[in-house]
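Protein chains: 2
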Amino acid sequence: MVLPELKRRRDKIRLLMAQQHIDAALIACNVNLLYTCGQIISGYLYLPLESPACIFVKRPNNITGEHIHPIRKPEQIIEILKEQGLPTPETIMLEGDELPFNEYNRLAAMFPESKVVNGTPIIRQARSVKTEMEVEMFRHAGTAHAQAYEKIPSVYREGMTDVELSIEIERLMRLEGNLGIFRIFGQSMEIFMGSLLVGNNAAEPSPFDFALGGKGVDPSMPVGASGVRIQRGNAVMVDYGGNFNSYICDMTRVFSVGGLPEEAYRAHQVCLDVQETVASMAKPGAICEDLYDAAMNVVTKAGLADYFMGIGQKAKFIGHGIGLEINEVPVLAPRVKMELEAGMVFALEPKIVLPEIGAVGIENSWVVTTEGVEKLTLCKEEIVDLLG
Amino acid sequence: MVLPELKRRRDKIRLLMAQQHIDAALIACNVNLLYTCGQIISGYLYLPLESPACIFVKRPNNITGEHIHPIRKPEQIIEILKEQGLPTPETIMLEGDELPFNEYNRLAAMFPESKVVNGTPIIRQARSVKTEMEVEMFRHAGTAHAQAYEKIPSVYREGMTDVELSIEIERLMRLEGNLGIFRIFGQSMEIFMGSLLVGNNAAEPSPFDFALGGKGVDPSMPVGASGVRIQRGNAVMVDYGGNFNSYICDMTRVFSVGGLPEEAYRAHQVCLDVQETVASMAKPGAICEDLYDAAMNVVTKAGLADYFMGIGQKAKFIGHGIGLEINEVPVLAPRVKMELEAGMVFALEPKIVLPEIGAVGIENSWVVTTEGVEKLTLCKEEIVDLLG
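Which chain is which? The protein sequence lines are A and B, in order. Straight run, no breaks: the first sequence in this note's numbering ends on number 1136. Straight run, no breaks: the second sequence in this note's numbering ends on number 1136.
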């Protein structure tokens, strides 16, 4: 990756550091190394406020360049910083919400004279507003994601289980260039490439804080497809991560097998109305909770609030920031006062679960522009019948 | 899962806790919750030395039973423990190598009168010796893994890239029941379902501490297949995780396209010899470093030490424990004095990288029995030609 882009990203972090009187950051987690170095290494980025960043690499052993230093263990960093004439920081930040307790303490112990603070919120805030290059990568991902989804009817065969259809969709996504890996902030949520929810399985609660759940096929993976055969009259909701270049698009479409009861189309239309309402309000300065409230208004007026975002166990958001991870800032949820900014990218996913039918609704990925929002995932939004 | 099995696992942890004078554990990480509760929840297991364990569940909202308590936040645990008449522990352990720094501190703060210690090594030690049920789950996984690999020649088409063949192998694995998700201890290593290494890509170093590397197709996923077309004369090494029921088998097989130069078959045979030597020594009481040294002896006598476990950047182990994660205890590596015990399960993966040809060698998963080892991944071990 070109250095001006990396410098731009590092300077976004530096700006927030300066506001909080933090002199340096030591970055050690893969996703933040990817953001600031343009690649994943086993190593560290030392980011001082005033001097160029230094990269310390344990592996691979073939990376060289200016400001790049091979090390065997992190404690060597201190010595090298001294050789470079860099001062000991008064305050340094580490990734406190991401680094394991013992790794954090090991790194903190390298700076006995410094105040050590949590840098995760700052890095997440910096990452929440994408650069033009990041937005462009999202556009490419959105195109590839839509191309894979358009082929879904071609891989459906009557009598398939939800897992079998999932496997064919995974293959379509991979053939389109999806890297497979699905990155999630925090250590508690797990999912494979995405989720396919058929019929009543859409109402099954999961341990994870995704929009909807699903029973899964094993207690070790309690989310998504559950192994049931896809029946006529089932709504089939397809929700996969679109990681084609490290930026994860998020997109949901609904399919039927020989059509659905009329109430399903009505509920689906309500979700499209929610999307239109929220998209028309979303622009720099719009407040997250206002978008959530507007969505709830549409759904409540339609008499479908009890079925919105799950039944029994409900998701308490209608959208979420996306980027190198699927759950970034901002979150479109109650009590979130954050304002949208140009360059933020988010998924908006109004969904309704209907008993005996399944889940309907829509999810697209959007980038906030100077005047409004631009949709990244352009693909037919009505319920598509798999029988053609 | 049946309670006697879960009690057996919890008691293995308790035994090690007692030896280190630890009165209670609070378990919060998915993989350890899966081990001790039989399923992943969003919540906590409180494991006192002398009383029954209590489960505290945030999500899903439909789990009930004896000793199971719904909570909204972890701080409620303390109150409930008091209501149950459980004493404040003098010493409590948390997952210090796994929990993020801030989550660890939040949980530790709930026990202001207790000494808080790192429980990760104890839990990993307990998990390293599998119960009979866990071994049985591994046997099932090994069978499914082998069945998927046997079908690999049927999905090969001339002119494929390594990524295209990977995608078809992923599909075979998923159709055989593979859950897809690949769990790794620690936060620094990432991989999708496994790795396919063709020709010189096998010599490319990666940031990750797997046996071999590979360039990958994107700087965000620098391991494995790199997008090259598979050519005649290339060795094709297939190394996927076999997660069919949460226990991850590990297995590598080598394929050719129209045969390989003679030196490849010779090097492959050396790896099979290493496997035979190590497997014949492996039994309860065998010391890990002795197994490593014996492997190095075979390879050195064959004159292939320079190519063993990579060239340029080499892996410093020949095998590793497997279980709910791919990198468990024990590790077959220099200076590891740990003794094998009956019930340990490990992958043994002697591999040789030959310039201009690629990687040859073998990997199987093994369980330590009372007298020796049992192979879990039974499938042809010679180099198989994809052209049949």
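Quick caveat, the hints were computed from the structure, so don't treat them as lab data. Careful, some of the hints might be misleading.
Given that identical chains are not distinguished, each listed pair holds provided it fits within a single copy or across any two copies.
[To be verified] Dumping the calculated DSS-like pairs for lysine-lysine here, alpha-carbon to alpha-carbon at most 27 Å: (1) K755 x K1085; (2) K806 x K1064; (3) K1085 x K830; (4) K830 x K1049; (5) K830 x K1064; (6) K1062 x K806; (7) K1062 x K755; (8) K1085 x K863.
In this text, all values refer to a predicted model and were calculated from it rather than measured experimentally.
Point to revise | Unsatisfied constraints (hint numbers, rising) | key: Numbers 1, 3, 4, 5, 7, 8, in rising order.
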